[in-house]
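S.K.: Residue 8 in our numbering is what sits at position 8 of the first sequence, and the numbering runs on without skipping anything.
By construction, these hints were calculated from the structure, which means they are not laboratory data.
In this text, a Cβ means the ideal position worked out from N, Cα and C, and glycines have one as well.
Treat the hints with caution; some may be incorrect.
As the list claims (entries may be wrong) - DEER-style ranges, computed between Cβ atoms: (1) Ser2 / Pro51: 24 to 32 Å; (2) Ser65 / Leu33: 26 to 34 Å; (3) Leu46 / Gly77: 33 to 41 Å; (4) Ser2 / Arg81: 33 to 41 Å; (5) Gly77 / Arg34: 29 to 37 Å; (6) Pro47 / Ala84: 32 to 40 Å; (7) Glu76 / Glu3: 30 to 38 Å; (8) Arg73 / Gly31: 14 to 22 Å; (9) Gly31 / Ala84: 20 to 28 Å; (10) Ala45 / Leu74: 26 to 34 Å; (11) Glu6 / Arg85: 15 to 23 Å.
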Amino acid sequence: MSERWERIYAVVCRIPRGRVTTYGEVAARAGILRGARQVGYALSALPPGSPIPWHRVLNARGESSLPGEEQRRLLEGEGVRFDARGRVDLARYGWR
DNA sequence: CGGTTGACTTTCC
DNA sequence: AGGAAAGCCAACC
């Protein structure tokens, strides 16, 4: 397991419950500038059922990059509201 | 070692 | 406003 991924996972784990952040943010905090894609790649390699709160990571628009509704359901379960377009208000729910 | 890939982002039309 | 194109960078094969 690459140390980069470990750092990415560590950052994701620090996202408070009920908050969200973007791939770019996670990358920056993990010390990988402009590594948004790498974050996505790392999360895609994440086994289902892992303790990592991957659902709190959204793209720059504040929407899910995954097909399906699973991520949305998980977030709504934490109190995160989606607008009519299926987007989250990053200014309100963003990490910091 | 080099081309392909992708749960991204930004910038132009 | 919405879509296409280009830029990015590490992991994979």
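S.K.: Hints numbered earlier in the text: which of these fail when held up against the supplied structure?
M.R.: 1, 2, 3, 8, 9, 10 and 11
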